[in-house]
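**Student:** Chain by chain, the residues run as shown.
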Amino acid sequence: MSTTTPTTTGAARGPAPGTEMNPALRAYGLVHDGSAMLGRQLRRIGNNPGLLILTQTMPITMLLFFGYVFGSALAMPGEEYRAFLVPGLLVATAANGIMTGMFQAAQDTHRGVTDRLRTLPVSRAAVPLGQSVADVLVTAAGTVPLLLVGIAVGWRIEGGAAGAVGAVGLLLLFRFATTWIGIFLGLLTRNEEAAGQLGGATFILPLLSNAYIPAEGLPGWLRTVAEWNPISAVTTALRDLFGNAPVPDGAAWPVAHPVAGSLGWCALLLVVFVPLAVRRYAHGGR
Amino acid sequence: MTTTYAVLSEGLEKRFGAVRALRGLDLAVAEGTVCGLLGPNGAGKTTAVRLLTTLLRPDAGSARVAGHDLVREAAAVRRRIGVTGQYASVDGDLTGRQNLRLFARLHRVRDTAARAGELLDRFGLTEAADRPAATLSGGLRRRLDLAASLVRRPDVLFLDEPTTGLDPAGRDRIWEAVRLLKEEGTTVLLTTQYLEEADRLADDIVLVDRGRVAHTGSPAELKALVGAYAEAVVAGADAVPVAAAVLDRLTGTEPVLDHERHTVGAVSTDPALTLPRLVRELDAAGVPLLDASLRPPTLDDVFLRLTGSKEIAA
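Going line by line, the protein sequences match chains H and L. Following our numbering, the numbering of the first sequence begins with 1 at its first residue and continues without gaps. Following our numbering, the numbering of the second sequence begins with 1001 at its first residue and continues without gaps.
So that you can see chain H by itself, here it is in the shape it has in the complex (with noise of 0.2 Å):
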């Protein structure tokens, strides 16, 4: 502007220009408006708590339909097979988070929401935050019920305390960073029925991996490209560390180091995504 500019309002009131500069302030606001995105999340869960508990029961249902078809039909015996499921279903579930990360961002931008919050001044990064610490916290709850079907078709904790406590950890950063993932491609889609379609998608992903099926016994190409889905590595983690299976010999190696090449696949995922979608949110696109 040139300085024959009139004046303008306001000029004198408000932080200098830069204060958003500021780490300290940053972080502040950073957590200050993540918890009240989490806060808006866990608010819409409360209102409508019928569809939390309906996705509840989509992996119980799967559980107690491949534990007992699929489970007679192996080689594996059936109890066997539905401790080896758990955790498989725990991780595919994890995985869903690509499915309802997309779906919410996508609806919020299509619904206008996304738009009203660029226009606040909130930091760039809280809205995906808080959308996808909730994400968590409700994926931690939903973890329960399944837990317990688990343990009455079977399935045991074998590991120890230690070990079950870094697998429930180990699940629920992978869904930390799978909802990353997941919002990003939502703002990229900007449309609900576009992304309803392409999270239904995402069902195939737990299918090319170790986690309803020992990845052991598929030819040699399909068993590589399941060894190297995140899915596999998280899954024998979680087999490994509840003491459920032994880590399967000869794997590639996210999967021969189960826990390693899971805290390896999360912190890839994490750095990919986040930057990618916070930049999304914060230009819109455009």
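By construction, these hints were calculated from the structure, which means they are not laboratory data. Glycine residues also receive a C-beta, built at the ideal position from the N, C-alpha and C atoms. Hints may be right or wrong, so weigh each one.
Here are the in silico distance ranges between beta carbons for each label pair [said to hold, decoys possible]:
{"no.": "1", "chain 1": "L", "residue 1": "Val1071", "chain 2": "H", "residue 2": "Gln197", "range": "34 to 42 Å"}
{"no.": "2", "chain 1": "H", "residue 1": "Ser35", "chain 2": "L", "residue 2": "Gly1117", "range": "17 to 25 Å"}
{"no.": "3", "chain 1": "H", "residue 1": "Glu193", "chain 2": "L", "residue 2": "Ala1060", "range": "31 to 39 Å"}
{"no.": "4", "chain 1": "H", "residue 1": "Ser35", "chain 2": "L", "residue 2": "Glu1118", "range": "22 to 30 Å"}
{"no.": "5", "chain 1": "H", "residue 1": "Ile157", "chain 2": "L", "residue 2": "Val1071", "range": "49 to 57 Å"}
{"no.": "6", "chain 1": "H", "residue 1": "Ala140", "chain 2": "L", "residue 2": "Thr1126", "range": "32 to 40 Å"}
{"no.": "7", "chain 1": "H", "residue 1": "Ala267", "chain 2": "L", "residue 2": "Arg1023", "range": "42 to 50 Å"}
{"no.": "8", "chain 1": "H", "residue 1": "Ala267", "chain 2": "L", "residue 2": "Glu1127", "range": "48 to 56 Å"}
{"no.": "9", "chain 1": "L", "residue 1": "Asp1069", "chain 2": "H", "residue 2": "Ser35", "range": "28 to 36 Å"}
Following the hints, complete the assembly by docking chain L onto the known chain H.
**Tutor:** The following block gives chain L in isolation, referenced to the frame of chain H:
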């Protein structure tokens, strides 16, 4: 005394692929006034609002909103504006109160419950307080949207087609709210496809056409540019040319003839032309007159005259 401007833009440009949505938009909205942005579909009104509310970045040009540079001080701008439009919506899964408290919290309002309560009262939203926003009627939902953009009293309020799709009662309540905000000193920039809305609410009207400002003025100034519309309905097709000749002479503009409805109309900028005179002159010329009118100009007429575009919005 210098005028202070709440919104001041110079040469704003925005392109979407091959489409040049804005091609050098200059706006100056004085503090405390209501400015109405009017234009046909695709004129760039919504793009202008999206740029000025930091949702889009301009390709060229600059703007200051509430004293801050739109691009370099976007965060400061966001602290001082409120936005309501079809694309900036509340959360349909939250209740009215939950929405207002969320936005109040994000605006760092201290007592979010008290602020939400105040806004619910002020905008007659008590019945929306504990219902999910998605289940509200159009009018209630729009008032909730408006209330949500006022959680922290903004210096500049942007309203993108605030009454589109509302019934007259709902529309009147929004109009009332806008007038009250203006009285309180809030600057309002609104886009509308309703000429009556701009006429009733705006101090200044900016006609936007093909991404540029076509004309600016108060509603009265714009109407004075065009004048009144004189119309005569006559008995029989033979009388149409006679009436046309009279109107041509009285108004100085070429009349529009409707041979089927036996109607002749012309725009008049002559303040001396009154209805009795119109009737007398037509009668003196022997025109079998059935009906005559001298209608004050509408902004439709203004728009047609100034931009040559018939379609003001769709």
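**Student:** If a hint holds in the structure, say so; if it doesn't, say that too.
**Tutor:** Comparing the hints with the structure gives:
Checked against the hint of 34 to 42 Å, the pair Val1071 of chain L and Gln197 of chain H passes, with Cβ atoms roughly 37 Å apart. A hinted range of 17 to 25 Å holds for the C-beta pair Ser35 of chain H and Gly1117 of chain L, which are about 22 Å apart. Hint check: Glu193 of chain H to Ala1060 of chain L, Cβ distance near 36 Å, so the stated range 31 to 39 Å holds. In this structure the supplied range 22 to 30 Å holds for Ser35 of chain H paired with Glu1118 of chain L, their Cβ-Cβ distance being about 24 Å.
Look at Ile157 of chain H against Val1071 of chain L: about 56 Å separates their beta carbons, and that is inside 49 to 57 Å. Between Ala140 of chain H and Thr1126 of chain L the C-beta distance comes to about 37 Å, which sits within the given range of 32 to 40 Å. At about 47 Å, the beta-carbon gap between Ala267 of chain H and Arg1023 of chain L stays in the expected band of 42 to 50 Å. Remark: the range hint 48 to 56 Å for Ala267 of chain H to Glu1127 of chain L is upheld by a beta-carbon distance near 50 Å.
The supplied range of 28 to 36 Å is met by Asp1069 of chain L and Ser35 of chain H, whose beta-carbon atoms lie about 30 Å from each other.
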